[in-house]
Amino acid sequence: MFRIGLDIGGTFSDLAVYDADADSYGEFKSLTSYDSVSSVSNCLTKAAEAHDRTLDEFLADVELFTFGSTHALNTLLTETGSRVGIVTTKGHRDTYHIAEMERGGHLDVREAVEKAFEPLIPRSRIVEVPERHGPTGEVIVALDEDATRDALRMLVEQQQAEAIVVSFLWAHRWPAHERRVGEIARELYPDLHVTLGSEISGTLGEFNRLATGVINGYVGKRTNEQASALRDFLTEHGLKVPILVMQLVGGVAPLAEVVQRPVTLLKSGPAGGAVAASSIAEQIGEPNVVCIDMGGTSLDVSRIVDGEIQLNRGFAVRGHPVSVPGVEVESIGAGGGSIAVLESAGSVARLRVGPESAGSSPGPACYGRGGEQPTVTDANLVLGILDANVALGGEIALDLDGAKEAIRRSVADGLGQSVEQAAWGIYRVVTAQMADAVENSLISNGVDPRNFALMAFGAAAPAHAAAIAARLGIRAAIIPSFFPVFSAYGLMTTDIRHVYDLTDDTVRVPVDLALAKSLDEEAAYAAAKLREVAALPLSLLEKESIPESARDVSLFIDLRYSGQELQMSIEVPREALEADWGGEQLREAIERWQEKYLRVYGEGAVWHEGTIELVNYRAVGIGRLPTPALTPESIRGADADGTVSTGTRRLYLGEWVDAAVHRASELRPGWTTTGPAVIEGELTTVLVGRGETVTAGQLGELRIDVSREAWHTGARSTTAAAERVPAGATSD
Amino acid sequence: MAAEQMKIGNVEHGPSGCSCAGCGGTLCGPGENWKEHVLAKRGNAAERLNQGQFGESYRVHENQHVELAELFCPHCHDLLSVELYLKDEPYRWDYRSLETAKEQGYDPVSEFHQDEDSWISF
Amino acid sequence: MTELTQADPAATAASDKAADGASRFDAVALQVVHSRLETLMRLMTRTLEQLAGTAVGREAGDYSTAFMDADGRIVAFGSAVITHLGHEVQIIPWIYEHYGRDSIKPGDVFISNDPYTGGSVHSSDVGCTAPVFAEGTLVGWVFCDMHFADVGGMVPGSFSPSAGDCFAEAVRFPPTRIYAGGEYLEDVVRAFVNNTRIPTQIARDISAEVGASHLGVRAVAELAEQYGAAELGHIIAGLRELSEEMFRARLRKIPDGVYESADYIEDGYASDRVYRALVQMTVSGDELYFDFRGSSEAAPALLNCARSGLVGGVMGPLIQQLATGIPFNSGVMRPLHVRSEPGSFIDAAFPTPIGLATGYGAWAVSDAAWGAASAALEASGDEYLRGRSSAQAGGGAHCSIFSGASNQFGEYSIFLNMDGPGGQGLAALEGLDGARGSNVSLWGSIPSVEAHESHEPFLYLSRELWRDSAGAGRWRGGAGLKSAVVVWGEKTSDQSGTFCSVRNAVPTVGRNGGYPASGVYYGPIAGTGVGEGLEHGTLETCSEIQQRYGASFESLPSKAMWEGERYLHRGPAAEVFIQTTPGGGGFGDALKRDPQAIAKDVEEGIVSSAAAASVYGVVVDELGAIDEDATAARRKALREERIHPSNPAPVPVNQGENDGC
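Residue numbers (this note's numbering), protein chains in the order written: chain G, 1 to 732; chain X, 1 to 122; chain L, 1 to 661.
For the record, the hints were derived by calculation from the structure and aren't laboratory data.
Don't take every hint at face value.
Each computed EDC-like pair below joins lysine to aspartate or glutamate, with the alpha-carbon atoms no more than 20 Å apart [what the hints assert, rightly or not]:
1. G:K115 to L:D256
2. L:K491 to G:D505
3. X:K7 to L:E532
4. X:K87 to X:D115
5. L:K253 to G:D108
6. L:K253 to X:E12
7. X:K7 to L:E383
Here chain G is said to cover these stretches of chain L; the calculated rule only asks that three of the stretch's residues, wherever they fall, bring their Cβ under 8 Å from a Cβ of chain G [as the list claims (entries may be wrong)]:
8. 36-46
9. 372-382
10. 454-468
The structure presented is a predicted model; accordingly, all values stated were derived computationally and were not measured.
Even glycine gets a Cβ: it sits at the ideal position worked out from N, Cα and C.
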């Protein structure tokens, strides 16, 4: 039997296949075509052939089929979505265009205008209907059903809307009016794509829910079409199991459920990466991991804390808020294609890297496709980290002279340095910027980098992983062995996950808990809310025929000091769903929360008067799916011949060193060596610093024991400045 | 930077004076403020703006001190500038060369060097 | 300390280059430290936002962070409100002068909110600053501040149009330790919050700043440890020099000369007097002078600003127009010199009232300087610089402060509506219509209606884009907002109010022939029957109410205080309270606007079809269909009207040579 992870990316479609009977693992790639079914068909046919089967025979033997796709995201980015019409509360037609008047923090006045939120829907496709709930649930104005019918007819028949978004004030708490509009819409137009804001997002704030609903409607129809085409194709060719789709929350759900909420597919690629990382982290016993995924243009940072992938309550795509829970992924513009610029004035200069990127076209100067500006990839080539004699991914021959010339012209000449020194400067700057992004992600969430391991994947990150870790005091850098199709692997190892939030700020307790004699009443209310929110995922899991032994639910309460925006979660045990969970248990949970707060923000950041509010209840339902237990044997490439070392290469790491070169595909568990060394995979190169030890683990992952000395992180030893500063300018 | 010719708004400033950037017509000679030499409609701001031309809900609170000046090119009737003034306030200079300002008694650079303490520096 | 002084570019200006032509500074270290400090600013800002106990600062984007060197010069700046730089540059020198540099110990934390001791621009912004030590040496200061909803004084919310001096306006703390050598001084915090009307929330605001400061101190100390205090000082000197040199190079692209501009704001409470901020901006080589002499003398009202506001105001156009793309630090300020008449309303003398200095005096400084900067940028002829010239953005603070014995939860409450400063329209620029936001509050935004209703005793009947509010022009300004609320909630009492606004009688101006945006207006409308309607399940929007009552609606003056028996009532006789926010000014001649763009404006509800015809000369129906012939005729007629004899007699043209025509 086979398990399949399929990741349909913008450029490539990746397929990961695990043959449970043979305990073998394989990867297949195909260019993503506009008609994505054909790329799926390509990949699957390759996989079937590799297993000596026809496509139909192969699919009939599939026991788990998971997929992730960037289709929804691309629909948004290329602005090729549906004509959406909006039905909203009377008096609030402009909510979407007002966009909370967000200026966006831009310092440059022109940028503030150029980068302003651009509505996807013209005002003429937004209609108000009389209806209104008040803030405590009171119905102030009943829904005017006649006006609703008129509004829908106008949008569909005059404005040719292909999808309708219904979003009313306070509907996340009191959704009755939205639901009624949904019913009316289905009566009038049974095939119309209808999104109810309250079913997509549970957050307070009408603009965020509406804008999230708009994205859902905007990408919904195209996503549905793609999903149906895929489903039809696969069933036609004999797939018997349900298709599971990766969602933002880092877990899969059946396709039939997800197509109602396509917005939850927007970033399923990075989510898949985080899931893969968490699967590996769990298997190698690392509870706290910060993950970096560095591609051509950007760096994505995500976190696993105490074994849990960290979620947040939303993100934004080009200024469009998407207020749904999802894997927290923070991106900065630092990738292999990031351009190095020497900014100088008078006799001073700074060497800046990114956020401008050469992308894949024209790409780095060394691609020889017309790129003239030096990039991180060019620097790594000049430093010898990348092998000038090997074509990248077997396709792109690297032009070392072109890279040198670009760096000389743009950076080295201005600094009066050699090309290698300048390249080393680019390496250090981009490394420091990535380290800042990692630190930002960790510290702003109140965790200490030193308790974390760094996991690096994506084409470009492993060459920087140890250096980034060293800057942050992180002791271990881990490079999983499956880098080329990491997200596809993640898809295959995931569980079913359903995340539901319930916002309710009724319960308030004194900051000084001693003032509360009993919290029994509060605990009873909270427990009722937890039961309510947990019922949804649990019933879904039941519906999906997940055996009871494989069902699990995690419960969280978000708390805050009254008035604050910060909502920190605390996990409560599953017993909270049982009857005997009472005041003492709640008190213990709140005390744990207060300790966590103090640990993060310190004494003096708490005022010991006033109240703490319980503001949000969350249930994460998990349906455990079998995870393939991978071994080095199951993942070894077909071309394995056992030759690990392929010689040495001269590298410039602030000084010239001879580094041993190894082939990643040949490494066996327990293999170890000491840097400087490079370990080369198909698309990736791992750099191990001087004196650092690297060891191959049971899953074929590499673990670098990071040494600060290897990277000279202190400026006193790193910066060439120390050598060049005229006597008297500083005392060093 | 020393500049011979420059465009500020809809007006060209040069050694021989100012001209309309739209039609090239001369507005004034060197050392003169072009605003004193064009077609000007100037009057109470609220009175001018509240006539309904700008829309039903457009309104400016009445105040006797505030005036609106609309300055038109005398040649092509392009609207060059719309500005606010207090009643009886002279037209502001968009630009004066350091020399012109000095001739007219204003020389901040010398003032600064003579009395740095009266200036806030950083 | 001596190392830092020696590394100062001023002290070593002569030895700029090493013998081999390379810089004294390492280009990599400069960027690495810059990136680290920028990250730190983001971390501190996020902490402030998250921990704040009142919504005002967070929701209006009214807070700032900074890192200063040991001499108090700005190194990094994470401000949401540029004006706050005005006190950020003054506070450390004040502390040294009065307490002595030697008195500063690791673990000290100061709070401050007094504009006259350099600690604030207006007293509502309470700051928190803490020294950072490494290797026993003072390496710098972290700073943060935030708008607090109440800081005492004679009226709830601490904006009083009638306060005659700064004593009546607010409690004012000069920089005062709340931590001394790491020991928390709770008594001092209590002394402060005891003078405010909502002590628990205010204490939580202070706690948020303490949390952000602690984080900042830790992070900078780590950085200093990594590099060594002296080396870090050297790198910081390099960053300062780089920014200074970059800015000087830019100034050299601007023609030498004097650029004049002004901005006006009305009092509207004590009198109808209008106050003028007049500026002569002089560029000479790579030096920049802002001379505000000629500005009006101080007002007997909260609209003045002290020197902190004058400096903060100048920073607005400096950062957003003149020095864009250059890492901001004190190096950018080095070519800058500012002069004013002490005692004028933009450089007020103690104890003149300064309660809304940020929103009025300092904003007027910023807007006046903005006009001069725009002219200078245009004069440069440089495409990038010309692109930063703009009309005036909708500006100023527009605050309604309601308070009552009981809100919907049965508690005494103060509700400071700051949608005004957050919800304005940005001005048009060449080639671009204005968008959302102001030119002072960079992270400005407005809370959702649901956020308002969840903690304020009001129901929003409507919140709309305000049609025809934006300044007309070839590129039009961003639109302002118009909202209508009624008092709401079972337990809610009638609400008393204080109102502060500007840009009512002095509208937001356009540029290069663009027209002003509408003046703002606000106030209650009684007798609409809306309260009764709500009890019977019907609701009217602001526009509907205005259509019925428009003529009889009297806007409140720019400033108003309800005393005695004047309230906004709840229930069947509830008044509707209307509030607007200003749009941005237009850019260029409206008759040259692309008719298609106008058609879209009409279809999108930003411009009425009536105004499209009468201002833009475009004849277009409500759905956006253009009548081209009628448009051509209309535009021709409008052009002719410009010089029609019935208009005031134009000044005769000077009889010069007519070579261009």
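For each hint, the structure was consulted:
1. G:K115 to L:D256: violated, 32 Å
2. L:K491 to G:D505: holds, 18 Å
3. X:K7 to L:E532: With Cα atoms ~59 Å apart, K7 (chain X) and E532 (chain L) exceed 20 Å; violated.
4. X:K87 to X:D115: violated, 34 Å
5. L:K253 to G:D108: Cα-Cα ~18 Å, so holds.
6. L:K253 to X:E12: holds, 17 Å
7. X:K7 to L:E383: holds, 12 Å
8. 36-46: As far as the stretch 36-46 of chain L goes, the hint holds, because 6 residues have Cβ atoms under 8 Å from chain G.
9. 372-382: With 0 residues in contact (Cβ-Cβ under 8 Å with chain G), the coverage given for the stretch 372-382 of chain L is violated.
10. 454-468: holds (count 8)
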